[in-house]
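S.K.: Sequence:
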Amino acid sequence: MAQVEELMTQAGGVTAQVEELMTQAGDATAQVEELMAQAGDAMAQVEELMAQAGDATAQARGATAQVGSSMAQARGAMAQARGATTQARGATAQARGAMAQTWGCIAQVRSLITQTWE
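Under this note's numbering, the first residue of the sequence shown is numbered 5, with each subsequent residue one higher.
For the record, the hints were derived by calculation from the structure and aren't laboratory data.
Possibly wrong hints are sitting among the right ones.
[As the list claims (entries may be wrong)] Here are the computed distance ranges between Cβ atoms for each label pair:
(1) R79 with M12: 13 to 23 angstroms
(2) R79 with L116: 48 to 58 angstroms
(3) R114 with T90: 29 to 39 angstroms
(4) D31 with R79: 22 to 32 angstroms
(5) A104 with M82: 29 to 39 angstroms
(6) R86 with Q119: 43 to 53 angstroms
(7) A97 with Q70: 37 to 47 angstroms
(8) A83 with A20: 49 to 59 angstroms
(9) A48 with R114: 54 to 64 angstroms
(10) A104 with M5: 21 to 31 angstroms
(11) M26 with M75: 52 to 62 angstroms
For glycine and all other residues, C-beta sits at the position ideal for the given N, C-alpha and C.
With the hints as constraints, model all of the structure from the sequences given.
M.R.: The structure is reproduced here in structure tokens:
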């Protein structure tokens, strides 16, 4: 019975880990969504600035500088989104591993219960 209680305690700890990792995965996913929105905003700025560049040569010089800045922002946001996606994948993989541990503990508890009743 002490083994059952120990395994149940371990299963509870692993379950808490799973919940924490799933929270982290959710947070990373939210970061990805925010960064993708920022990238979309920056790309919209690029399109608007390119339209302005077509109006006049003088305007084109200023807009081109702004386009470069917006493109740099878009690249930065995309790089951050990639990093957040990688984090989300890692957290998801950890959560899967922890869930597998939980199922292993549950199987051991079932086995011990079966042995106890036999």
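S.K.: Give a verdict on every hint.
M.R.: Against the structure, the hints:
| no. | hint | in the structure |
| --- | --- | --- |
| 1 | R79 with M12: 13 to 23 angstroms | 50 angstroms, violated |
| 2 | R79 with L116: 48 to 58 angstroms | 56 angstroms, holds |
| 3 | R114 with T90: 29 to 39 angstroms | 37 angstroms, holds |
| 4 | D31 with R79: 22 to 32 angstroms | 23 angstroms, holds |
| 5 | A104 with M82: 29 to 39 angstroms | 33 angstroms, holds |
| 6 | R86 with Q119: 43 to 53 angstroms | 50 angstroms, holds |
| 7 | A97 with Q70: 37 to 47 angstroms | 41 angstroms, holds |
| 8 | A83 with A20: 49 to 59 angstroms | 33 angstroms, violated |
| 9 | A48 with R114: 54 to 64 angstroms | 56 angstroms, holds |
| 10 | A104 with M5: 21 to 31 angstroms | 25 angstroms, holds |
| 11 | M26 with M75: 52 to 62 angstroms | 35 angstroms, violated |
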